[in-house]
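Student: We have chain S; now place chain R onto it with these hints.
Each chain, written out:
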Amino acid sequence: MSIPVSHELFHPDAVFVTNQTSQAAIFQEVAAQLHQLKAVKPGFAQALLAREHDYPTGIDLSVLNSDYPNVAVPHTEAEFVNTRMIVPIKLMHPVMFGNMIDPSVQLPVSYLFMLLNDELDSQTNILAQVMDLITTTPTKQLTAFFNETNRATIYSLLSTYFSQD
Amino acid sequence: MIKILAACGAGINASHQIKDALEKEMKSRGYDVHCDAMMVKDVTATMIKDYDIYAQIAKTDMKFKPAIPVVDAGAILYRMPAMAKPVYDNVEKIIKEKGLN
Chain S
1 MSIPVSHELF HPDAVFVTNQ TSQAAIFQEV AAQLHQLKAV KPGFAQALLA
51 REHDYPTGID LSVLNSDYPN VAVPHTEAEF VNTRMIVPIK LMHPVMFGNM
101 IDPSVQLPVS YLFMLLNDEL DSQTNILAQV MDLITTTPTK QLTAFFNETN
151 RATIYSLLST YFSQD
Chain R
1 MIKILAACGA GINASHQIKD ALEKEMKSRG YDVHCDAMMV KDVTATMIKD
51 YDIYAQIAKT DMKFKPAIPV VDAGAILYRM PAMAKPVYDN VEKIIKEKGL
101 N
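Residue numbers (UniProt numbering), protein chains in the order written: chain S, 1 to 165; chain R, 1 to 101.
This is chain R alone, in the form it adopts within the complex:
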């Protein structure tokens, strides 16, 4: 299973929208993906290592450099397929490059 972490300010709205969209789209592309959603302030350098990909909503100032691939996923929030597709393609590219499947 491929594990993705999505984080946003309140850990409620934006990150859950990213989670739902990534899980649905990646499943339709044939990948077994699980995404957790949480508050950015709760993301630590240690726990992020439990994930394969970090899906960030904003170009947020993290206090550390994530040791895993980072994807800018904010465009998913618009709920426009044409805007979301590059994000999904980027996630799929990382999955293939890292041999995560």
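Next comes chain S alone, as it looks inside the complex:
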């Protein structure tokens, strides 16, 4: 079971809905599956945690819409990953993440878009694509997406959105 060679940004087995309540537990759960898929290398979860501590990735979405949950975009250096992919992770319980723009502020986060990027000079910026998803999707649709807990539906919604590019 490994990531097929393709330009797909999502994998049906790399979509998560988790009850974990800490960054470490979330990263361990996700990393174990991504390792099975051969998408990441050993040490990925630890590197994610360290990077989140030093350079947090929480994004305050209340500046866009007070009804949106905050998100985070955990990622680490290219050396720990084998592919380019976005991993959606719905958190059933909000977990605190530092604000990427102001790390002194902690944000309750309910959705993660984990970014795997093994291309240092990628022409297609996957963080920009995630932000475009958030800022261009109509409020009702995006709210429904954030509340969705069926993994197959989450995969389908994201694949459909990104195939429109």
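These aren't lab readings, by the way, just hints derived from the structure by calculation. For each residue, glycine too, the CB sits at the ideal point set by N, CA and C. Treat the hints with care, as some may be off.
[Said to hold, decoys possible] Among the chain S residues that face chain R by a calculated CB cut under 8 Å, a handful are:
no., residue
1, Lys38
2, His53
3, Tyr55
4, Thr76
5, Glu77
6, Ala78
7, Glu79
8, Ala128
9, Met131
10, Asp132
Tutor: Positioned in the frame of chain S, the structure of chain R alone reads:
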């Protein structure tokens, strides 16, 4: 040419987004701008002197005080023109004040 340095934690996603946005917008405003993207931990007091402006994503604890003007560029990450405009305006203000063009 005006040289800008953008830095973020992993040197991949956020800093490249800032780089692409700054180069595109400043070009449209008539400035010849080149922006490099790298990891914050690789930015040193010596190498930063090769640049005209430092575009930081976060209010990061640098181990040194940059000897060049610093711009808070994190708002660009939202990809919302209204949020990014003050950042671009600030960069343009520095370019004019420092006579970098």
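Student: Run every hint past the structure and note whether it holds.
Tutor: Hint by hint, here is what the structure shows:
{"no.": "1", "hint": "Lys38", "in the structure": "violated, 20 Å"}
{"no.": "2", "hint": "His53", "in the structure": "violated, 10 Å"}
{"no.": "3", "hint": "Tyr55", "in the structure": "holds, 3 Å"}
{"no.": "4", "hint": "Thr76", "in the structure": "holds, 6 Å"}
{"no.": "5", "hint": "Glu77", "in the structure": "holds, 5 Å"}
{"no.": "6", "hint": "Ala78", "in the structure": "holds, 6 Å"}
{"no.": "7", "hint": "Glu79", "in the structure": "violated, 10 Å"}
{"no.": "8", "hint": "Ala128", "in the structure": "holds, 5 Å"}
{"no.": "9", "hint": "Met131", "in the structure": "holds, 4 Å"}
{"no.": "10", "hint": "Asp132", "in the structure": "holds, 6 Å"}
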